[in-house]
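2 protein chains.
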Amino acid sequence: MEKTIRMSHGAGGRMMADLIAEVFVPTLDNRYLREMADAARVEASGGGRLAVTTDAFVVQPLVFPGGDIGSLSVHGTVTDLAMVGARPLWLTAAFILEEGLEIDLLRQIVRSMAEAARGAGVAIVAGDTKVVERGRGDGLYITTTGVGVVPPGIEVGPDRGSPGDVVLLSGSVGDHGIAVLSRREGLAFETELRSDSAPLHGLVETLLAAAPHTHALRDPTRGGLAAALNELALSSGVGVEIDEAKVPVRPAVRAACEMLGFDPLTVANEGKLVAFVPAEEADAALAALRAHPLGQEAAAIGFVTADHPGMVLARTPIGGRRIVDMPLGELLPRIC
Amino acid sequence: MEKTIRMSHGAGGRMMADLIAEVFVPTLDNRYLREMADAARVEASGGGRLAVTTDAFVVQPLVFPGGDIGSLSVHGTVTDLAMVGARPLWLTAAFILEEGLEIDLLRQIVRSMAEAARGAGVAIVAGDTKVVERGRGDGLYITTTGVGVVPPGIEVGPDRGSPGDVVLLSGSVGDHGIAVLSRREGLAFETELRSDSAPLHGLVETLLAAAPHTHALRDPTRGGLAAALNELALSSGVGVEIDEAKVPVRPAVRAACEMLGFDPLTVANEGKLVAFVPAEEADAALAALRAHPLGQEAAAIGFVTADHPGMVLARTPIGGRRIVDMPLGELLPRIC
Chain W
1 MEKTIRMSHG
11 AGGRMMADLI
21 AEVFVPTLDN
31 RYLREMADAA
41 RVEASGGGRL
51 AVTTDAFVVQ
61 PLVFPGGDIG
71 SLSVHGTVTD
81 LAMVGARPLW
91 LTAAFILEEG
101 LEIDLLRQIV
111 RSMAEAARGA
121 GVAIVAGDTK
131 VVERGRGDGL
141 YITTTGVGVV
151 PPGIEVGPDR
161 GSPGDVVLLS
171 GSVGDHGIAV
181 LSRREGLAFE
191 TELRSDSAPL
201 HGLVETLLAA
211 APHTHALRDP
221 TRGGLAAALN
231 ELALSSGVGV
241 EIDEAKVPVR
251 PAVRAACEML
261 GFDPLTVANE
271 GKLVAFVPAE
281 EADAALAALR
291 AHPLGQEAAA
301 IGFVTADHPG
311 MVLARTPIGG
321 RRIVDMPLGE
331 LLPRIC
Chain Y
1 MEKTIRMSHG
11 AGGRMMADLI
21 AEVFVPTLDN
31 RYLREMADAA
41 RVEASGGGRL
51 AVTTDAFVVQ
61 PLVFPGGDIG
71 SLSVHGTVTD
81 LAMVGARPLW
91 LTAAFILEEG
101 LEIDLLRQIV
111 RSMAEAARGA
121 GVAIVAGDTK
131 VVERGRGDGL
141 YITTTGVGVV
151 PPGIEVGPDR
161 GSPGDVVLLS
171 GSVGDHGIAV
181 LSRREGLAFE
191 TELRSDSAPL
201 HGLVETLLAA
211 APHTHALRDP
221 TRGGLAAALN
231 ELALSSGVGV
241 EIDEAKVPVR
251 PAVRAACEML
261 GFDPLTVANE
271 GKLVAFVPAE
281 EADAALAALR
291 AHPLGQEAAA
301 IGFVTADHPG
311 MVLARTPIGG
321 RRIVDMPLGE
331 LLPRIC
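Chains as they are written, first to last, in our numbering: chain W, 1 to 336; chain Y, 1 to 336.
There's no promise every hint is true.
Claimed, not checked - Heads up, incomplete: computed chain W residues facing chain Y, CB under 8 Å, no partners named:
id: 1; residue: 34
id: 2; residue: 36
id: 3; residue: 58
id: 4; residue: 101
id: 5; residue: 123
id: 6; residue: 125
id: 7; residue: 137
id: 8; residue: 187
id: 9; residue: 189
id: 10; residue: 328
Claimed, not checked - Coverage of chain Y stretches by chain W, computed from C-beta distances (three or more under 8 Å per stretch; other residues unrestricted):
id: 11; region: 15-22
id: 12; region: 53-67
id: 13; region: 320-327
Unchecked claim - Using 20 Å as the maximum straight-line C-alpha spacing, the simulated DMTMM-like pairs for lysine to aspartate or glutamate come out as follows:
id: 14; chain 1: W; residue 1: 3; chain 2: Y; residue 2: 133
id: 15; chain 1: Y; residue 1: 3; chain 2: W; residue 2: 104
id: 16; chain 1: Y; residue 1: 3; chain 2: W; residue 2: 98
Rather than coming from a laboratory, the hints here were simulated on the basis of the structure. The C-beta atom is built at its ideal place from N, Cα and C for all residues, glycine as well.
Working from the sequences, and respecting the hints, build out all of it.
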């Protein structure tokens with residue numbers, strides 16, 4: 001293990017996973033954390049189940065095509081609750097402001113949070129503000145925490161994937177990462193790329209109504225689809241095999257990735273989900289996803305297998321097979 | 001209103017209150033936020049009441065006499081839940097790490113969080129880590145969010161103070177602020193000053209058992225006792241009158257304040273509470289506080305009055321009366 005924190009420790013890949021596995025999980029040890037789900041499910045008195053999740057947002061720039069740090073922080077947290085099948089109810093927001101931040105920009109971002117919260121049907125019920133000196137922050141960091149309720153009968157978790165499951169993806173990959181990067185680096189593409197940032201609780205509700213035995217859900221954010229599939233494969237102790245040609249990638253994202261030497265499977269998304277669904281419910285699940293505005297381009301991209309547990313393989317367009325590794329570290333820092 | 005964020009916007013005084021009142025509360029508008037309590041109380045299905053609170057911690061230095069940013073983040077959040085009478089159950093923690101942070105220091109701080117959580121009987125059930133470039137952070141920021149349960153029958157809120165209430169303070173003021181400042185500035189005092197950082201849920205439980213009709217609780221952190229009393233006076237629409245001579249201040253804190261020109265009433269605390277208790281339960285409440293290890297120096301420092309609503313007055317040791325103003329802004333930045 002390194003002696004000091006590097007940017008790669010935050011990039012959603014293997015270095016981050018190692019940091020979490022070595023420094024955080026064993027020290028703060030409890031069964032909720034060990035589950036490594038997008039949200040922790042805890043038992044409330046009276047037998048109800050709550051889901052709790054938290055995320056710090058450090059995206060740069062603060063405003064990007066398709067969203068800003070405010071809408072992103074609400075969407076990300078709502079979506080993390082949805083990934084364990086929870087109905088999002090309450091959010092909290094803590095702000096770390098850098099001395100010198102324009103208050104008009106702060107207003108704009110808080111308005112954007114309010115709109116995102118209204119759109120997702122959640123209330124931001126508690127908050128905190130801190131200010132740090134110029135050069136000790138980057139305009140604005142927001143940490144949102146969400147609390148939701150898991151309806152009775154819903155059992156979705158990253159460890160429940162099972163051989164035979166069909167792997168569904170709700171739409172094209174890489175939009176968020178490339179949109180943020182293009183704004184940051186001043187890259188211009190013929191087609192404007194927008195972040196796919198969106199709250200996925202409605203899409204999940206639709207999916208679970210059609211496929212109530214859905215095993216596992218994950219939103220492929222930092223580290224992209226590659227990281228999400230590897231995490232689910234590891235948690236569930238199963239192998240995953242996907243058909244690379246079936247993964248939707250927008251032409252502009254593909255062009256940007258070719259230019260920059262990125263693998264679209266490792267670029268961040270914000271409004272997409274991957275689902276492991278039992279084969280007998282897969283057709284209904286895919287139809288339900290496609291009927292929802294946030295899942296119109298959904299595709300069945302592969303299957304879960306008992307072979308090569310913990311490993312993700314991709315059939316390449318030219319007929320070969322390659323290992324889809326957990327990304328090591330830094331690809332695009334400060335993407336969320 | 002200013003056009004850019006200044007350090008004073010984070011100092012717990014009037015400038016912070018104005019920022020929250022103008023930018024955050026009306027935009028994110030809902031009845032939970034408007035209450036301006038230390039924790040929001042929300043209704044869970046089945047009639048139970050949950051409390052939710054969040055706090056970003058940006059204290060500098062990261063380790064100080066009596067604690068570190070890790071223990072502080074757990075204690076502060078547990079205490080905020082206790083301020084609405086809630087039993088703390090689950091915490092989340094989001095870390096913003098600066099590139100270059102020593103991983104051994106991170107380990108030490110996470111261990112300290114784990115110990116504090118065990119001590120307070122709460123589990124840290126979800127987390128997140130982000131990394132920002134050198135010069136975009138300050139080693140480590142931690143945002144903790146807490147969820148607790150409010151037992152049936154408990155009705156404590158910042159708006160419930162009532163004329164005739166006795167104002168109780170659980171111990172000496174200014175210890176945390178002066179301890180952090182002394183480490184930061186390399187000041188040496190004859191007696192070592194330690195932060196009073198502590199989780200106050202046990203003290204509150206003891207208090208509420210003895211004085212179940214306690215009206216209001218607040219922990220006087222940023223802005224000190226002066227800010228806490230002003231906030232309660234405003235929320236409850238009552239006046240407060242205290243006897244300055246009855247407010248416990250350690251000799252070393254008093255000496256430091258005299259040297260630096262600070263009013264001890266405006267210096268931050270982390271393990272103290274102020275309570276508005278109906279007169280008929282005040283003696284029992286004070287005895288209960290004093291019988292608890294964290295309230296041995298508790299004192300009755302004043303009373304709530306229908307006169308001068310929203311205003312805090314202090315009788316001075318020489319017999320005069322002065323207005324205890326809400327501090328304007330920056331006294332000690334980055335104190336929590």
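Status of each hint after checking the structure:
Violation of the interface hint for residue 34/W is found here, the shortest Cβ-Cβ separation to chain Y being roughly 10 Å, above the 8 Å cut-off. Annotation: interface hint on residue 36/W violated; nearest CB of chain Y at approximately 10 Å, more than 8 Å. A least Cβ separation of about 5 Å between residue 58/W and chain Y falls short of the 8 Å threshold, and the interface hint therefore holds. Restraint check, residue 101/W versus chain Y: the minimum CB separation of about 4 Å is within 8 Å; hint holds.
Interface restraint check: residue 123/W against chain Y, minimum CB-CB distance 5 Å, threshold 8 Å, status holds. A least Cβ separation of about 4 Å between residue 125/W and chain Y falls short of the 8 Å threshold, and the interface hint therefore holds. Of the supplied interface hints, the one on residue 137/W holds, with its beta-carbon coming within about 7 Å of a beta-carbon of chain Y, less than 8 Å. This hint is violated: residue 187/W has a C-beta 20 Å from the nearest C-beta of chain Y, more than the 8 Å allowed.
The criterion of a C-beta within 8 Å of any C-beta in chain Y is not met by residue 189/W, whose closest approach is roughly 26 Å, and the hint is violated. With 8 Å as the threshold, the beta carbon of residue 328/W stays out of range of chain Y, its nearest partner Cβ sitting at about 14 Å, so the hint is violated. Evaluation of the coverage hint for the region 15-22 of chain Y: fulfilled, as 3 residues show C-beta separations to chain W shorter than 8 Å, against a requirement of three. Note: the region 53-67 of chain Y has 6 residues with beta-carbon separation from chain W under 8 Å; the three-residue rule is met and the coverage holds.
Check result for the region 320-327 of chain Y against chain W: violated, 0 residues qualifying (beta carbon to beta carbon below 8 Å, three or more required). As the CA atoms of residue 3/W and residue 133/Y are separated by approximately 16 Å, the hinted pair is consistent with the 20 Å bound. For the given pair, residue 3/Y sits about 7 Å from residue 104/W by alpha-carbon distance, which is consistent with the 20 Å threshold. Only pairs whose Cα atoms come within 20 Å are accepted, and residue 3/Y paired with residue 98/W is accepted, the gap being roughly 13 Å.
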